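S.K.: Spelled out from the first residue to the last, the chains are:
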Amino acid sequence: MPTTYLEAIREGIWEEMERDENVFLLGEDIGVYGGAFKITAGMLERFGERRVVDTPISESAIVGAAIGASFNGLRPVAEIQFADFISCAFDQIVNFAAKCRYRWNAPVPIVVRAPSGGGIHGGPFHSQNPEAWFVHTPGLKVICPATAYDAKGLIKAAIRDDDPCIFFEHKALYRRIKEEIPKGDYTVPIGKARVFREGSDLSIITYGAMVYEADEAANQLAGEGISVEIVDLRTVLPIDEETILESVRKTSKVIVLHEATLTGGVGAEIAARITEKAFDSLDGPVVRIAAPDVPVPYSPPLEEAFLPNAAKIVEKARWLLNY
Amino acid sequence: MAAVNRATSITLQEAADSSEQAELARRFLYHMSLMREVEDRIERKLYRQGKILGGVYVGRGQEAICVGAGMAAKPDDMLYPCHRDLGLYFIRGVHPRQVFAQYMGRVGGLTKGRDGNMHMGDLNLRIVAIISAMAASIPVAAGSAFALKYKGTKDIAFVFFGDGATSRGDWHEGINLAAVQRLPLVLICNNNQYAYSTPLEKQMACANVADRGPGYGIPAEIVDGNDVFAVYNAALRAAEHARRGLGPYMIECKTFRMTGHSAHDSGSYVPAHLWKEWEAKDPIRRLETLMLERSWADRATIDEMNAGIRAEVDAAIEWAEKSPYPDPATLTQGVYAE
Numbered sequence: 000m001p002t003t004y005l006e007a008i009r010e011g012i013w014e015e016m017e018r019d020e021n022v023f024l025l026g027e028d029i030g031v032y033g034g035a036f037k038i039t040a041g042m043l044e045r046f047g048e049r050r051v052v053d054t055p056i057s058e059s060a061i062v063g064a065a066i067g068a069s070f071n072g073l074r075p076v077a078e079i080q081f082a083d084f085i086s087c088a089f090d091q092i093v094n095f096a097a098k099c100r101y102r103w104n105a106p107v108p109i110v111v112r113a114p115s116g117g118g119i120h121g122g123p124f125h126s127q128n129p130e131a132w133f134v135h136t137p138g139l140k141v142i143c144p145a146t147a148y149d150a151k152g153l154i155k156a157a158i159r160d161d162d163p164c165i166f167f168e169h170k171a172l173y174r175r176i177k178e179e180i181p182k183g184d185y186t187v188p189i190g191k192a193r194v195f196r197e198g199s200d201l202s203i204i205t206y207g208a209m210v211y212e213a214d215e216a217a218n219q220l221a222g223e224g225i226s227v228e229i230v231d232l233r234t235v236l237p238i239d240e241e242t243i244l245e246s247v248r249k250t251s252k253v254i255v256l257h258e259a260t261l262t263g264g265v266g267a268e269i270a271a272r273i274t275e276k277a278f279d280s281l282d283g284p285v286v287r288i289a290a291p292d293v294p295v296p297y298s299p300p301l302e303e304a305f306l307p308n309a310a311k312i313v314e315k316a317r318w319l320l321n322y
Numbered sequence: 000m001a002a003v004n005r006a007t008s009i010t011l012q013e014a015a016d017s018s019e020q021a022e023l024a025r026r027f028l029y030h031m032s033l034m035r036e037v038e039d040r041i042e043r044k045l046y047r048q049g050k051i052l053g054g055v056y057v058g059r060g061q062e063a064i065c066v067g068a069g070m071a072a073k074p075d076d077m078l079y080p081c082h083r084d085l086g087l088y089f090i091r092g093v094h095p096r097q098v099f100a101q102y103m104g105r106v107g108g109l110t111k112g113r114d115g116n117m118h119m120g121d122l123n124l125r126i127v128a129i130i131s132a133m134a135a136s137i138p139v140a141a142g143s144a145f146a147l148k149y150k151g152t153k154d155i156a157f158v159f160f161g162d163g164a165t166s167r168g169d170w171h172e173g174i175n176l177a178a179v180q181r182l183p184l185v186l187i188c189n190n191n192q193y194a195y196s197t198p199l200e201k202q203m204a205c206a207n208v209a210d211r212g213p214g215y216g217i218p219a220e221i222v223d224g225n226d227v228f229a230v231y232n233a234a235l236r237a238a239e240h241a242r243r244g245l246g247p248y249m250i251e252c253k254t255f256r257m258t259g260h261s262a263h264d265s266g267s268y269v270p271a272h273l274w275k276e277w278e279a280k281d282p283i284r285r286l287e288t289l290m291l292e293r294s295w296a297d298r299a300t301i302d303e304m305n306a307g308i309r310a311e312v313d314a315a316i317e318w319a320e321k322s323p324y325p326d327p328a329t330l331t332q333g334v335y336a337e
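Chains as they are written, first to last, in numbering that gives the first Met the number 0: chain A, 0 to 322; chain B, 0 to 337.
Calculated directly from the structure, the hints in this document are not laboratory data.
Worth double-checking, as some hints may not be accurate.
As the list claims (entries may be wrong) - Far from chain A, some chain B residues (derived; all Cβ distances over 12 Å):
id, residue
1, Y29
2, K73
3, D264
4, W274
5, W277
6, E278
7, D281
8, N305
9, A314
10, K321
11, Y324
Claimed, not checked - Footprint (simulated), chain A over chain B, 3 or more residues, beta carbon under 8 Å:
id, segment
12, 117–123
13, 132–139
14, 166–180
15, 327–335
Unchecked claim - In silico DMTMM-like pairs for lysine to aspartate or glutamate, Cα to Cα no more than 20 Å straight-line:
id, chain 1, residue 1, chain 2, residue 2
16, B, K150, A, E17
17, A, K191, B, E337
18, B, K150, A, E20
In this text, all values refer to a predicted model and were calculated from it rather than measured experimentally.
Note that CB positions come from ideal geometry on N, CA and C, so glycine has one too.
Construct all of the structure, not just a fragment, from the sequences and the given hints.
M.R.: Structure, rendered in structure tokens:
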């Protein structure tokens, strides 16, 4: 039976809770209610109040307490109810968690989970993709899985990782994405991209929910005889530069795509690296496709105009192919 | 609802005359005097000689707080110092030479030159490095307390902060979380009445930091922060409360910052009478006077101890100055597990 993206994350956390007594969960409404998206459903009943901790509405204290608990041997998995609220914990993440190892050799093995992304009519405060803020912070790892397989393997890898990991789960994928995944233990390495779809004419470098928009665009272009390669980054910090450059050298034309807004986004970093390191392989400019630089709007026509989609990708791809 | 306990149950004057008290007093005096000497050298010599380039924040006049509370902590308790609590490091076995090397940015410092001044910690000594954003340590210390309880130990966490830190959201979030979860956390406020140039009345509208304890459903008491026995005894009460599983406990230590905010700040905004008033309450002089009155020590013994500290500090500075600067080739190492 296929497993949803949501169920895959839940399964990964559950298995890690079973495996390691030091893993515990904290966050808002994660216990009795099972989490706003039901990722932690049933965990209170299985693991008890000691290990599934309902907290006050205090994102900074949630992340801060996770950091402190990690100093004393625990492996906290903190849930930020919506990624939009992660800014309330910004200082704890970027100044406390991220810098401890470098400053005084204190590891901070925590996971901060944050449901992110638009397409659910959540409006400006329930739709954001704030990964770029954290990509700009040395010491963090930032993970954005697109598939159920990766979601499970990466949440398990993040829980076992010795550095602070920010784990962005795309809300629009929770119940939409289903696939057969292995039962039981496996991990996916943090910092490794994978080629989601092989192709030879054009590369699309992307992650998260945009992998599927890219795939749909690739299907349309395939009908015109155009072969698109899709690189799913899976982790946006550290960035798997090798896999990106390998794809660029193969296709010579590249689109960098993300759902987060354009300016200062992860795409800018990737485009810069491509021009620095694979300039001679390029047959056209590195094209960025991202949401425009506005807050995420609520009303459906506005949100649709905001989000990158297959049609927008196809249009840019044609332009680039004709360059 | 818990009430604020305004009594200090044991003061210097009430301290029992016993050899145990005398021994405790000697240890207090050693740590307080060592802290004073180390910080005097840092602030008044090395900084002015240009041998320390970054920020210098000292605990002059506040030594009784970190020393009194630090001595009440057990070795396995977690300590979260603020930036005027140098005595905690010495109590946990950090050597003065490591502190000088830290301030000078040398590899002999606890952070090997990666951070400066009081931003230092050592998980093996169960002492956690502060970050510059005040009160960020409160929820982190609550997390330590959570883990200590989770693992079924009787160990607790101590977190130190100033009056200014109580205005930050982290302070409130951290205390509230600790209170709701009944975590074994001792909260120690050094209310030195100034946050940089901002006096207490512009920091908060209530009279005491401790008045906020009942708002979180936790006990809070006020002690004379320049009376090391009062701080010590309050910290023991707080620790007992926390160890018994009754949750957090707050102690507000009334004191005064006998310097500017940092070495570059003369504190010109402080009314002159306050310096005079608080100079007379100097915690080290007070402890010495008590010890002499009670015949716990004579002048010669104290002078001898101070001479020993000066010699120790001289040697520590010499060691630190010989400690190399970090190799720039190591710049990018240690950001992640390697």
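S.K.: Which hint numbers does the structure go against, in order from smallest to largest?
M.R.: none
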